[in-house]
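Here the protein sequences come in this chain order: A and B.
Position 53 of the first sequence, counting from 1, maps to 79 under my numbering, and the rest follow consecutively.
Position 33 of the second sequence, counting from 1, maps to 59 under my numbering, and the rest follow consecutively.
Careful, some of the hints might be misleading.
The list cannot tell twin chains apart, which means a pair is met if one copy fits it or any two copies do.
Think about it this way: if two alpha-carbon atoms lie no more than 30 Å apart in a straight line, the pair counts; the simulated DSSO-like pairs of lysine-lysine are [to be verified]:
1) K31 to K204
2) K180 to K237
3) K237 to K112
4) K224 to K184
5) K86 to K172
6) K86 to K237
7) K173 to K224
8) K86 to K224
9) K224 to K80
I should point out that these hints are in silico values taken from the structure, not numbers from a laboratory.
Protein chains: 2
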Amino acid sequence: MHTEKPLILITNDDGITAPGIRALIEAVSDLGDVVIVAPDSPQSGMGHAITISKPLRLDKTDIYKNLKAYQCSGTPADCVKLAVDKVLHRKPDLLISGINHGSNSSINILYSGTMSAAMEGAIEGIPSVGFSLCNFAYDADFSAAKKIVKIICKNTLKNGLPVGTLLNVNIPNVSELKGIKVCRQANAKWQEEFDERKDPNGRNYYWLTGKFVNNDKGDDTDEWALANNFVSVVPVHFDLTAHHAIAFVNEWDLGV
Amino acid sequence: MHTEKPLILITNDDGITAPGIRALIEAVSDLGDVVIVAPDSPQSGMGHAITISKPLRLDKTDIYKNLKAYQCSGTPADCVKLAVDKVLHRKPDLLISGINHGSNSSINILYSGTMSAAMEGAIEGIPSVGFSLCNFAYDADFSAAKKIVKIICKNTLKNGLPVGTLLNVNIPNVSELKGIKVCRQANAKWQEEFDERKDPNGRNYYWLTGKFVNNDKGDDTDEWALANNFVSVVPVHFDLTAHHAIAFVNEWDLGV
């Protein structure tokens, strides 16, 4: 009989000292044995970057008192890889990443270090969930988010997840949540506009800015859920094959 | 009537001076007007990283003689965003990324800067293709790859691609190609093993290494095609929703 407490690996992309990861730790600390392996500095927008051309540091830290915690010089995906290979004595029962300061809904999942850590966990066969609160502020209120984290984590520990899938959970920044909705990823994008400036030497430089555009009118999307004060839960996988396009390309003249 | 020549945007992740991008430029230079916007330094393993916490540089360069070329301090995804907003006078008819030095088949697509540039193009509504040669060497022979690039680009310019899709093209490193196969992404992964070393001060550091493991026995995958000397073409999309898992999660107790 398996009598060990569940082993829960925690990471994020805002860095090991961010309020969001502290909220995540508090939310699940009574659900199992917690181990933290998180970046030693903010890694937002890192997507699924991994570190291949330089070595990584991995150092024990006591900032979370009695909890086993390590800070890593790499990306969120690096943290998960290192945790699995060098820190944990067995495969964890749950990997959670976040709570991200800011939304990772719809297309934002692609750019998200939070979600790439969860995806790396799913690749390793670990039931994995990324959490984000739709509030970028450092002093955001995570109290409602913590309740959601607990509900989702209890369910994931109890039921597992289908092979090769993970969850992208986004929490609207409101005090009155209407509920939790299982959704699909909305077809939305960023309309980029770079802010062009001149440095003191007269050379141009550019700041990324942009406007979020949701072209998806469906009421089954994560954007719809968030706009209507629901928590969005999108089951995600890492098979990027566009199966519906295979027949299209098979019509092409591809003789070599 | 549209009488302009096709406008082709070219980028990569190995940097603007890499042999692979030079091969790509040569392969398509008679298919349309070529504009190059590529990283000023190697960006391998950057996944879909974007630069949000510092500004970007974008500078004209004449290394490709009469061709319009810019080097950018950002990631491959940044290059595409900047090209669309600041360099091109209209939406290009084709975006190509590569030729990457090394495979981006199966799970490698997630870590690939080459493919993230192509994905960014697809998000912008541009027919986009990423090319990779299964040879990491700087002096790899790109001659067979150039013929494949031309075949795929001609077809893409002629037929377009279904909305929201792009192509991941991998070319085996053999002189006798058997043909081109349209495939699905294989279910494969890296078995990580970090090489643990001590620096001169006695502190540990870690190099990422690993073994590629293909658990997918299907003969319709990109890994199968490459192992059998076929070029693999995987249609890819950026809707990561695991639609088959929505019903599973809907069974959970998600009352708040």
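Inset, instruction - Please flag the earlier hints that this structure goes against, numbers listed from lowest up. - result: 1, 2, 4, 7
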